[in-house]
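S.K.: What follows is the residue order along each chain.
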Amino acid sequence: MSQDDPHAHNDAVDLPTPTAWPIITAFGLTLVFFGLVTNLFVSLIGSLCALVGAIGWFTDVFPHPKHETVPYVPVDERVKEICREGREVTHLNPGEEGHREHVVFGAVHPYSAGVMGGLAGAVVMAIVACAWGLLAQGSIWLPINLLAAVGDPGLANASMEVMKQFSFVGLIVAVIVHLTTSVLVGLLYTVLLPMLPAKREWIWGGIVTPIIWSALIWSTIRFISPTLAEHVNWMAFVASQIVFGLVCGFIVYRSTNVATQQTWSVSRRLGVEAQRPNKKS
Amino acid sequence: MAHGPTTASEEYIEVAPSRPGQEKGSFTRIIQELVFTVDHKKLGLMYIGSGLFFFVIAGLMATLIRIQLAIPNNHFLEPDVFNRFFTMHGTAMVFIVGMPIIFGFANYLVPIMIGARDMAYPRMNAFGFWMFFFSGFLLYASYFAGPGLYNAGSAPDVGWFAYSPLTSRAFSRGHSSDYWTLALFSGGIGSIATAINLIVTTVSLRCKGMTLGRMPLFVWTFLVVAFLVIIAMPPLAACQIMLLLDRYLGAAFFDTQNGGSAILWQHFFWIFGHPEVYILILPGFAIMNEIVPVFSRKPIFGYPIMVAANLMIAFISLGVWAHHMFTVGMSSVGNAFFAITTMLVAVPTGIKIFNWLGTMHGGKIRMELPMLFCIMFLFQFLIAGLTGIMLAVAPFDWQLSDSYFVVAHFHYVLIGGLLFTIFAGIYYWYPKAFGRMLDNKLGHLHFWLFTIGFHVTFFPQHISGFLGMPRRYYTYDAGRGWDLWNMISTIGVIFQAAGIFFFVLNLIWSYWKGRKAGDDPWDAWTLEWATTSPPPDYNFEHLPVVHSRRPLWDLKHPDDPDWKYE
Amino acid sequence: MGTGKLRLSKTLAALALMAPLAAAQADEPLRPIANMFDPLSKPAEMIHDSAIITLIICTVIFLIVTGMLVYVCVKFRSRGAIDERKEPPQIYGSSQIELAWTIIPIIITVVLILITTRTIGEIQDHAVPANAVHIRVIGHQWWWEIHYQKPGAKPGEWITDFTTANEIHVPVNVHTEITLESADVLHSFWVAQLNGKTDLIPGLKNHTWIEPRTTGVFFGNCAEYCGTQHANMQLKVFVQTPGDFAAWKIAQATPAPAPAAAEAIAGKQVFFANSCVNCHKVDGTTAIGVFGPDLSRLATRMTIGAGVAANNQENLRAWMRDPSHLKPGVLMPNMQLTETEVDQVVAFLQTLK
Amino acid sequence: MEFINQPVPEGEEAPWRLPSTRKAGMICLILTESALFSIFVVAFVFYMGKSLNPPYPSQIMEPPWLASASLIGSSFTIMIAEWFLKRNRTFGFNIWWIITVLMGAYFLGFTAYEWHDLIY
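Line order of the protein sequences matches chains A, B, C and D.
Quick note on this note's numbering: the first sequence kicks off at 77 and runs consecutively.
Quick note on this note's numbering: the second sequence kicks off at 120 and runs consecutively.
Quick note on this note's numbering: the third sequence kicks off at 467 and runs consecutively.
Quick note on this note's numbering: the fourth sequence kicks off at 1455 and runs consecutively.
In isolation and in its complexed conformation, chain A is listed as follows (with noise of 0.2 Å):
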């Protein structure tokens, strides 16, 4: 080890020379201080205190800091022989190799599945709701509106007649908060749903879901949004969210599965190599 620490001999060890120009100059400069608020001589005495203090420092560190050479501490004074027996790991669960894991839960679908589906679902979702919007209240914008209510207070007060017209932050809105929320819910429905009992895929995510998040979004609509609250059909609601459950659930669990890389390195995932060379086990 010597050769990569050069403060290092064979029994003692450089270490900087203890000194006491720091606190001096410390001192010197909290005097500065306290001279603002009591007299401006105190002051004149630290920064004298200071300088001295700083002028020594500089004669430690110029041209090469000081070290002194202190001794290693007597053998029997060192640290103990760490005990190698260690104790046994538990196994994972019988039948299982080993006993470390980085956990999976059945298939890994890749995130883009997640993402296409979100988006894919977003559509077929758009396209429902905007079919009632069309064929029940006779306006394509109304649902689009109505979404765009939660966030926006310009529409959440507006009228009926105002709701069924065309508003152009209503769509930026709504597009947003539609697109956001369903990338979202198809990026869950990749980690999520191989956690959930097998075979049973896609009643999860297209039928339990939809109704768990339609019952929360009911029960709390009054809060959410009062105007929401107001127009909402819940048939047509969860038809549509039934209907992206669907959509999203299909094209994720038709994704082929890929391998994890949670086991790789932060610098490798990251996309940069850090100093040391990859070693994949």
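A couple of the hints might just be wrong.
Simulated coverage check for chain C against chain A, where a stretch passes if three residues somewhere in it have a Cβ under 8 Å from a Cβ of chain A [claimed, not checked]: (1) 514-526; (2) 564-575; (3) 639-647; (4) 732-742.
Straight-line Cα separation of at most 27 Å, DSSO-like style, residue types lysine-lysine; simulated pairs [stated by the list, open to error]: (5) C:LYS616 x B:LYS683; (6) B:LYS683 x A:LYS142; (7) C:LYS552 x C:LYS541; (8) C:LYS616 x A:LYS156; (9) A:LYS142 x B:LYS161; (10) B:LYS635 x C:LYS552; (11) C:LYS715 x C:LYS616; (12) B:LYS483 x C:LYS616; (13) B:LYS483 x C:LYS715; (14) A:LYS156 x B:LYS161; (15) C:LYS541 x B:LYS560; (16) A:LYS156 x B:LYS632.
A few chain B residues that face chain A, going by a derived Cβ cut-off under 10 Å, partial list only [as the list claims (entries may be wrong)]: (17) LEU257; (18) PHE498; (19) LEU568; (20) THR651; (21) ASP656.
Hints in this document: simulated from the structure, not taken from any laboratory.
Each residue gets a CB set at the ideal place from its N, CA and C atoms; glycine is no exception.
Position chains B, C and D relative to chain A; hints supplied.
M.R.: Frame of chain A; chains B, C and D shown alone:
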């Protein structure tokens, strides 16, 4: 790698300059060592020791505040005395208690954890400590200078965020605001020096094999904290310089009667102030990251995402400052923007909480004292985080801000979060620093009294906040629904004080009488446990070489090292 | 402490005096408990709605995570030394789970963000209706100056009809637009049952509004630390029926009749002989000071000293003897009046209704 | 020592290099300074043209050419000094270093004079 230091013990050359007349252990010798030292371990302990000293003083102030508020229309304290107390309590707790204690942990542990002999700039390290130390006394000198003890001196009475124009010459006569400014300014110099030192140490002095991806999360977190310090402290220094110019040289940056802006101070202060909150709470996370895995006997769950969450928290924290200013009349767009960024903080924070739960899940949790404090931290920090979300909802904040709800919220963050992990850290590393375990019985007394006292004190403050009680009131009328909650709150203080008493007793008692700890009492995995307790001046005879995140696991299980799997 | 007796008597006095006094002066019920979950005005109700959904979400998260914590602590606690001989399986993490508990908080956050931005816009960008009552509130170190706009003034221009202090009267079910300014340091206007707080900032004009649903006397406070007597900068909002409000306005806009009793006349002379008029204003007289509260209708107010004591003869006397006894640190100096002068001035002040 | 005798994974023999403490320290210092001055710059921009009463800055302030030159020049002289230090030539270092100190002192002195002039 042949080594023969074991046979050379009689050949030690006494090269260290001997200081005549001063045997090891004598009082003057100890003082001299403390004054002269540039050793990161001694400085770390001095940081923590002086931080705890100021903690007790500031805690006593809080006790007096609570006595005053126990009953309505109390005349225990004069309004001015009360205002000085809450200002000094807040200022001291943040700047000369919280910051030094976390810097103490960093100073002591970061070099050992990365397998270095000392900090990168040992003299600057000493300088940073002494700047902080003297700034603490400068702050408290305000009680004795000026009108003196008779009229409680000219201690700052402008609140810890010293909003202008209350600090301008017209409204703050005498030197009270100047003490606040100058003490924090000089302390800030020390903090910046220490932070730069920490960054350089972490970046440049890691032992062989300690890549960034293998650094203990403790070190990672403190690296982030140090970056936040050097980005956030200078703005404070800058606006303090402007305030001094206002007060001494007649400038008008923040003097509204001469065309200055009151809002600008708030922006500048919170550009510092909000990252400061994360400077204080991230070290709590750092300590959690070390203790939870060791006592659950498992590696940390999701190391990469924990690192990423740290970085995300630090990054977002730089863009949320104005959520302290929802009530100043910003435009609706401004309010919405800062509400959104603030809520985003919940995401990485949530990740951390879940990952700690994930670490505990499937482990064998040893319910030792450090772990008990960590479990309570999880519970309390959860509450603090959720009340934080409530405060981030800007309309809700219009009701909650500057009420006792906020007081409850940040005490859940800073006591329930930071202080509990500081306690956990002290119980965990005390054996390393002094070679003796802290007493278990006293420790349990401390834990239970303090936990109960903490919740009894601060939980009711959520409710008095809901009932419209503003903070910083020295008195209140009966009949407004606040009496009961304030009384409960004050009763809780008794338990907290008792807890702290047993804690201090434990620290002193165990120093002489505690059970011998040995090198590695907790069967832990990071490098500080690979040296003696207390470590020698040079930390390691030979610098370690690591191959994984848990170097001591590799040594304890030579057939089954971590690096085969990471 | 030694002040226990004083404290107790003051507490009792506060309790005993406030209720009958208010009953004598205002028909509206007192609402001293500023509970933000009992909103009685439009913006406060909107805030309440967003608060409730936030509380629901937070409570659910709290229950789930606490449940997980308790489960983990109980299920996976170590069972003694024998158990500890074996290390548990070493699990490093799971991208799937970590991603799941990243996405779910993001979705919750998106919902909260939508609600928040909508509520912010609804409250802040609310249009001012034509029939709105306009008032201006100016914060001073430790009292509130309140201006009412003259009827018929164009929106945007300001003509003061009359001023008052510390007690705002507004009509029920009508939008009241409040402009907030400060004369010295920061203050904050907060009547929790009517609206959240808005700061009063020197050099800036802030706006807030209320639309109360029911009559009553609402208690508010200064909520931004403003110096020594921050705690005694209280505010009361009297929400009245439109008829009562109109009557009150007319009464406030006309000067109080000149005092008739001899003592009060003498008091008026004392008032003008001392420097009271430098700071205080009394309509219909030459007193036009602006540094202290307008006293034109002092006797109609519920409290004195911005809520520090009930407005009665005894407290007025105490105040005249030494204001800083009732309100330590108050900026009004002790006028060093003799006992007779105190009685006379109090008699004069009590005619101002 | 145990760390030495443990089995070493493949590919870990690469030389261990870390950034120098000097560079890292200097970058941190610059970061700190820029954080400090960004606040001053923001305050300057915020208050530009907002003086309530004359004299206005443009009427009484002149660009301090010499002081600015010595401030900017000092960053070059310190570089030269450092060049000498790296080659262990103490004398050359001392000369250039003292020049730097003097230039810095001149700048500070001039700034103090300017302030004094403005206020009194």
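S.K.: Check each numbered hint from earlier against the structure, then list the numbers of those it violates in ascending order.
M.R.: The structure breaks hints 3, 4, 5, 6, 8, 12, 13, 18, 19; every other hint is satisfied.
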